[in-house]
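These protein sequence lines map, in sequence, to chains A and B.
Okay, so the first sequence: first residue is 1 according to the working numbering, each after it adds one.
Okay, so the second sequence: first residue is 1 according to the working numbering, each after it adds one.
Check the hints yourself; a few may be wrong.
[What the hints assert, rightly or not] Below are the DSBU-like pairs computed for lysine-lysine, each with C-alpha atoms no more than 30 angstroms apart in a straight line:
no. : chain 1 : residue 1 : chain 2 : residue 2
1   : A       : K222      : A       : K42
2   : A       : K56       : B       : K96
3   : A       : K42       : B       : K72
4   : B       : K96       : B       : K154
5   : B       : K81       : B       : K154
6   : B       : K146      : A       : K189
7   : A       : K189      : B       : K96
8   : A       : K42       : B       : K56
Since the hints were made in silico from the structure, they are not lab data.
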Amino acid sequence: MIPRAFEYHAPTSVAEAASLLDQHGDSAKLLAGGHSLLPLMKLRLAQPEVVIDLAKISDLSYIRQSNGGLSIGAMTTYADIESSADVQSLAPALAETAGMVADRQVRNMGTIGGSLAHSDPAGDLPAIILALGAQMVTSSSGAHRTIAADDFFVDLFTTALQPNEILNEIQIPALPSGTGTAYAKFGNKASHYAIVGIAAVLTASGGKCQSVRIGITGAGAKATRATSVENALTGASLDGATIKAAAQLASDGIDFNEDVHASAEYRAHLTRLYTERVLLEAASRAG
Amino acid sequence: MTVTITVEVNGESYTNDVEPRLLLTHYIREVLNLTGTHVGCDTSNCGACTIILDGKAVKSCTVLAVRANGGKVTTIEGLAKKNGELHPLQDAFWEKHGLQCGFCTPGMIMSAYDLLSNNPNPSEQDIREGMSGNLCRCTGYHNIVKAIEYAAQKM
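Looking at chain A on its own, in the form it has when it is part of the complex (with noise of 0.2 angstroms):
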């Protein structure tokens, strides 16, 4: 299968990579990793006239600790993201995570920035980077702007990226002391694409919840929170019948997929076992 002609363009700066997309508008795609743009334009369901790639921005790449926490440039890879000690100290959910996205030689070439602004449904990023509640930091000619997870998955493989804009870093905070991250998906045998995943970020004291968040991803036509399951559990015990408990609401409110992979039904069923599953995981490693 080939891409339809397209003209190229391997900017080396993110300025002129921004002025690039001035000049073509709609017209042009940004190339991160290309493991899913590549496949869309093979497959003709997208055809950009113009494709900008940001493999030669060198400092698009990156994994530095920032104020206890993380700063992560687009273009890292999983694999980066995997293997690093920061990551798997600062954040170890978000290094498991990348570690269970497709195949080794997918995570070698795809990209958190590419998986993030491409927003599939069936990602495995978006859940977690929901649940670390990153920032996203944006870059168009002349401006720069932060976009907080929560408002960054708008729909079905839409972002609240515009059209002039490329992503350049992701932020994740420092998690305060006490806290666990995990992150569990029920994935395609084939393809290893979420049929659904969850991830959360909890926080305890004395076996109480202080604080959680939770990422579902793989459920609906875009990532989301889980704020009925953890408004229910914020300042209770974090036994296992309190937890279970709460992680029967984790399908509240989610409009379910239904495919060939899955029902909607057995997708909400899914959402609360890995729910709960999640959060035994999270709490136990919040010590």
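With chain A's structure known, arrange chain B on it following the hints.
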């Protein structure tokens, strides 16, 4: 519109004018005539097209040839020595009968090469997880795992 690219493939430098939409796998097979790299599913699932790009295993059906400009590629043809002596992985697939029809084998070996470069003493579980991006439709996984274990001992 064409773009001039220079790529080092199996130690030799090649410069070609290519269309931006040319996929790396087609560049390798049809421009360089190195047909050991196979196209299987053409959808980045099966791994038959796996090559090493700048030290990492990638699925070359999902990489533009222009992306490899200035980079280094190793294909299955680049593993054996010039005198024909097989790479330990190639020898191991022979010794342990790690193939039936052979179509997936070049991709299997390039993935295993990447796996062993990063983890020289993998457990069986490490191998099964590390090779999960390569499909064998003859159902030959058992001997593929044995071959990689055998190669790891020899390397």
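Results of checking the hints against the structure:
| no. | hint | result |
| --- | --- | --- |
| 1 | K222/A with K42/A | holds (24 angstroms) |
| 2 | K56/A with K96/B | violated (42 angstroms) |
| 3 | K42/A with K72/B | holds (24 angstroms) |
| 4 | K96/B with K154/B | holds (13 angstroms) |
| 5 | K81/B with K154/B | holds (16 angstroms) |
| 6 | K146/B with K189/A | holds (23 angstroms) |
| 7 | K189/A with K96/B | holds (27 angstroms) |
| 8 | K42/A with K56/B | holds (23 angstroms) |
Violated hints amount to a single one, hint 2; each of the other numbered hints is respected by the structure.
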